[in-house]
Amino acid sequence: VGANYQSTTVHLPPALATGNLDIISNAHCREVTLNKDGKASGVVFIDKTTGKETRVNGKAVILAASACESARILLNSRAANGRDALANSSGKVGKYIMDTVGAKLMGQVPALENLPPHNEDGAGGDHLYAPWRLYKEQHAGKLNFARGYHIETGGSRPMPGGSNPAPDDFTQGSYGTKFKEDARRYYGSFVYYAARGEMIPNDDCYMDLDPKVKDKWGVPVSRFHWKWSDHELNQAIHAKKTFAALIEDMGGRVLESKDFTPAGSIQNPGYIIHEVGGAICGEDARTSVCNGFLQTWEVKNLFLCDGAPFPSNADKNPTLTIMAMVWRACDHLVGEAKKGNL
Amino acid sequence: VSDELKPVPLNVKGVRVGPLSRREAMQWVMSAVAASSLPARTLAQEKNPPPATPAEEGRNSAPQEEAAKVPDPNTNRGYGTDPKLLKMYKPGEFWPLTFNASQKKTATALADVILPKDNLGPAASEVGVVAMLDEWISAPYPQQVSDRPVIVEGLAWVDAESKKRFRKTFAELSGEQHRAICDDVCFVPKARAEHTSAAEFFSRFRSLCAAAYYATPPGWEALGYVGNVALERFDGPPQDVLDRLGVTQTVK
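Just so you know, the sequences run in chain order A and B. Using the working numbering, read the first sequence as starting at 1 and increasing by one per residue. Using the working numbering, read the second sequence as starting at 1 and increasing by one per residue.
Errors might be hidden in some of the hints.
[What the hints assert, rightly or not] In silico BS3-like pairs for lysine-lysine, Cα to Cα no more than 25 Å straight-line:
#1 A:Lys212 with A:Lys48
#2 A:Lys338 with A:Lys136
#3 A:Lys316 with A:Lys59
#4 A:Lys36 with A:Lys338
#5 B:Lys163 with B:Lys105
#6 A:Lys300 with A:Lys241
#7 B:Lys84 with A:Lys48
#8 A:Lys178 with B:Lys117
#9 A:Lys338 with A:Lys300
#10 A:Lys178 with B:Lys252
#11 A:Lys178 with B:Lys87
#12 B:Lys190 with B:Lys163
Derived from the structure by calculation, the hints contain no laboratory data.
Start from the sequences, fold in the hints, and give me the full structure.
Rendered as C-alpha cells:
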C-alpha cells in the first residue's frame, strides 16, 4: 500500500512514471567504461540469467552498489591510461572502510516476571533511546577513548512468535501446564542493551582485490583487512560494562559472558552492516576519491551515491545521511549537466 | 491445512482461529529464519542447542534429500529459491514434508503433553503446532536441516521407549505413563547419561513447539500478550504495573 518507506513503493514508481527509467534486474556490474575523452561512457554488466556480457551507455554514470561493491567496481575498472584502477589517482579507493562499533549484553530481571498483561507494543527499542552522554567526562580526560556511542534497548512484551519464550535454564525442564505458567512468568522479563558507536577510520581497515579468487562470473572479489584501534575497543568495553551495571542495578542477572576483554566486548567488523568508506570524499584530489558532491575527481561524470564517500562514520545509522548526500549530489549533477560541465 | 488436523475453531477476541494454513506455517518458518539474528530471538534460543546430527541419507522417503541440502560456500550453490509467501501452496508442494502418519501421531501426542489444553488455552495440536513442526524440519535452511534428524530420531526413541516400558506407542499411553517417560528426559542437566540424546531431543522439540504455539493468537493470550491493537490514546503503563515495580509515571 506504500505506507512503509522503501524504494520499491516510494521512489521507484514516480521515477518509472517519467518514462525515463529502465530497470534491469539480475545485472552484475563488472566495470565502468570510459570514452576516448576519458569520461565515463557506461558500464559492462553480466546478465546473471544468461551469463552474457552486456554494455549500457550513458551521459553520466552513478555507482550506488553499496560502499564496498562500488569500490570493487572502481578497482575492477581501468583508468584512461588503461593500467590503473579507475578514479584512484589518490590511491584511496578501497581505503578507510568503516563499520559501526557494536557491543551488547542481555539480562533477565526478576522484578519484571509475572507482571499483569499490558500493551507494550509500539516502535521497537522499548520507546527508549539514549544518545551519547559522557561529553563532560570525555572532555575531562576520564575516558580512554574518543567519540561515543548511543544505547538501544530491547525486551519488553513484543508480539511473540518464532521463538521459545521460556528457555530451559529458567524452566528447569518443565512441561505441561507448568511450562505454560513458566512461559507466562518469564515473558517480558528479559532486557537487552546494544551500543552503536563511532569508528574512526584508520589505515589498517581497507579492502583490495583478491589476486586469485574470482566470483562465478570471473570478476575478482574483494579482500578485507581489519584492525580496530584502541578507541573502538575501549569504547566497546565501556559500553558492555555499562550494560552489566544497568542490569545488575535492577536486580537482574547478566545472561551472557561477563568477558570485558576487547575481543569479548566488541562485535565483529561487518556485523552491524553499516559498512561505509572505501571511496572517501574530501577537499583535496590528492587525498580523496570524490568531492563533496560525490563526483569523482578523476572523472567528472562519475558519481558515487552510496556509503563509499563517507570520510567518517558517526554512531547513527548511515542511510539517512546517504540519502541527504545523494540528494545534493543529484542536484549538482543536473546543474552541471545543464551548464554543459560534465 | 494438514490432512490429519481437525479444524477446531477458537474464538480469541472476536477473531475466529483455526489451525494455521500452509501459507501461514511457511510464513512462520520464513520469518523465524529471517529474524534469527535479532535480539528478541536470541533471548529465546537454547543455551545449549543440541549438536547437529549428521543427516542420514534415505531415512525418510527419498524426495526430501534434494531440497534439504545445506548450501556449500565453496560451490556458490545455495538452497534454491525461497517460497513465494503470497502464493497458496498445497502441503508438501514447495518442499516435501517429512512426517509420516505414525510420526505425526507421536509428535501430536508429545506436543500436547508439553502444551496441553488447560485454563491457559488450547492444546498444541489444536492450533497447528505439529503442521508447523513438519514445515520447520522439512525446510532446506541450515538450522532446519540440522533439526530434522534430531526430531525424527527423537520421535522414534519416544515410541521405542514407550513400547519397551508399556508395550504401546506413546500416543496410546495414559497421562501417568506419559509423565513417567517425560520426567526422565525433560531437562538435559538432570537426565541420566543413557538419556542424554533423548533429553536433547526433548529440549529442542519443546522449544520448537513453544515457538509455534506462541506464534498463534491463542498462544498470545496464554502468554499474556495483549498488543497489536489500535489505541485511541496511550496512557502509559497501567497503575498496577507501576505499583508492582515501585515506580511513578512522570511523563504525561
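Hints, one by one, checked against the model:
no.	hint	result
1	A:Lys212 with A:Lys48	holds (22 Å)
2	A:Lys338 with A:Lys136	violated (49 Å)
3	A:Lys316 with A:Lys59	violated (34 Å)
4	A:Lys36 with A:Lys338	holds (22 Å)
5	B:Lys163 with B:Lys105	holds (15 Å)
6	A:Lys300 with A:Lys241	violated (49 Å)
7	B:Lys84 with A:Lys48	holds (21 Å)
8	A:Lys178 with B:Lys117	holds (12 Å)
9	A:Lys338 with A:Lys300	holds (14 Å)
10	A:Lys178 with B:Lys252	violated (39 Å)
11	A:Lys178 with B:Lys87	violated (38 Å)
12	B:Lys190 with B:Lys163	holds (23 Å)
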